[in-house]
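So you can see what is in the structure, the chains are spelled out below.
There are 4 protein chains.
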Amino acid sequence: MIQIFVTGGTFDKEYNFVSGQLYFQDSNLPEMLERGRCTLDLNVRTLMMVDSLDLTDLDRENIAHNCRGVDTDQILITHGTDTMQQTAAYLADANIEGKTIVLTGAMIPYAFGSSSDGFFNLGSGLAFVQSLPPGVYVAMNGRYWDWDKVRKNRSTGYFETIK
Amino acid sequence: MIQIFVTGGTFDKEYNFVSGQLYFQDSNLPEMLERGRCTLDLNVRTLMMVDSLDLTDLDRENIAHNCRGVDTDQILITHGTDTMQQTAAYLADANIEGKTIVLTGAMIPYAFGSSSDGFFNLGSGLAFVQSLPPGVYVAMNGRYWDWDKVRKNRSTGYFETIK
Amino acid sequence: MIQIFVTGGTFDKEYNFVSGQLYFQDSNLPEMLERGRCTLDLNVRTLMMVDSLDLTDLDRENIAHNCRGVDTDQILITHGTDTMQQTAAYLADANIEGKTIVLTGAMIPYAFGSSSDGFFNLGSGLAFVQSLPPGVYVAMNGRYWDWDKVRKNRSTGYFETIK
Amino acid sequence: MIQIFVTGGTFDKEYNFVSGQLYFQDSNLPEMLERGRCTLDLNVRTLMMVDSLDLTDLDRENIAHNCRGVDTDQILITHGTDTMQQTAAYLADANIEGKTIVLTGAMIPYAFGSSSDGFFNLGSGLAFVQSLPPGVYVAMNGRYWDWDKVRKNRSTGYFETIK
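Residue numbers (the numbering used here), protein chains in the order written: chain A, 175 to 337; chain B, 175 to 337; chain C, 175 to 337; chain D, 175 to 337.
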């Protein structure tokens, strides 16, 4: 069984046509999994729906607590891209033994249709969580990195390897 | 470096609005990789553009020949779903040593927009080819199978494990 | 009140991922009207769901009968493009007095997403039916034609004025 | 010939994936007209690319000046929805004789894919401009209103008739 924890981020942002602002409603994950014709044994749980710039260490402890408590060793976390590496570092430091934890997200909301990278990232995130050894990883741009080997380049929007 | 071989299949079918028929034009892969914001070192080569029901063993030998000849051990093949397992079996039998070969495809053409599973499958196929040990695999429905453990259920359109 | 009669055509075709064939399910009109945020007073009724090449004069008499019987003088008909002008001619000949009847359709199914012209054509068809004087019209390619001034060019897929 | 003047608004907003903000790039109109398979004789000119809340009377005079100067009596203006009725009132007051001027827009950006109403509104706007008598109109929600008979309901996002 694979556990998916939803934490928000651009991946799940929606457009409010009255205010013209981006906001969070329900996660798009169930629709995405159905469209992907996914037959994996999955459990999806929304822990929070926040912009990752607003994530606190209390939120991160909440995520870590849920990773520890869940009865599987394959965990995918959807997360905003701005602090994905911070949360990955927090989880790597949280003494969660023997589990493969993959963080993924999107640069363009899934709700924005044919320009979004979210559906591709979900496919790769689910694949990595099934096939990588225990550890904490970031999966973006078709690739994966160990938690301490990656950073987001804020000016290009791409993830890069830290040498 | 990852080698992608394009062979056609529903993944790359287009709709001809004059005739009302499905047909093949150029592959959608370059557009999909850009949309996925993919930064992997990739080489994409179209070997053929055919419905997999029309694939012959000569075509399969062509695919095997290209798998042998390419200077990388990570190979992703986009392929029609109807005979994906036959091509996987052919490649498993073709004495291609030390390479991870993943076949993926789509049940709904990428060109048909928001209902297609192709973009999700591309993400998972690229992830599996980076993380699975040498062998021949089929990647569909978010999952992967060894070449001899899977079949497509023709009445549901889902891939199933052979016991 | 505007009456919409659905008769099928490419406009409402869907892709069957098991058979790989195009087919008809329910009309996409309710979803399209909601997406268009349409607040017109509308009644939608499906008369048939057929490829317009399969339409018989019995079907056309059925359409004419419904046009006569409905208690409004604004009628939009969604229709396959191949015989749109034949049905328009049949209706022009059917002694339906004082009603504005507009036929529209699509070259690419609405279900095929971002390449379809159907949503644009629905917008223009609804506008023409509100603003043109009584008569029978074909609305395609952003334009409208009197029923006897238009033909579909089968090789280009565009509608043309008959001189 | 139909003249289209682009002024910005939600219709043409894009998502900046680096900043997470909405912004204006080039207009989506050329792509939309091609997708709509539009064969009207059209001229498209971008006058400005602004959120309609930022439109000044100087901008409105610019629009009026262009409406007066152009050598056609059919003019479609794409415009933000928040002040669409103000601009319509300005143009009605600007002594532009004998021209049909239609303002349209969108509640959800065209770039946001399958949820946007923009493509439908473009179809209806183009149809109304061909078929309504001289005057200034607002076309939204599948309907049209005389410039002085409509207002946007800011809490629902729908346009309403002023009694």
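Be careful, since some hints might not be right.
Which copy is meant is left open, because identical chains are indistinguishable; a pair holds if it fits in one copy or across any two.
As the list claims (entries may be wrong) - Distance condition first, Cα-Cα at most 25 angstroms in a straight line; then the derived SDA-like pairs of lysine to any residue: (1) 323 <-> 197; (2) 326 <-> 305; (3) 273 <-> 317; (4) 326 <-> 245; (5) 323 <-> 207.
Because the hints were derived from the structure by calculation, they are not lab data.
All values derive from a computational prediction rather than experimental measurement.
Broken hints, numbered, in rising order? 1, 4
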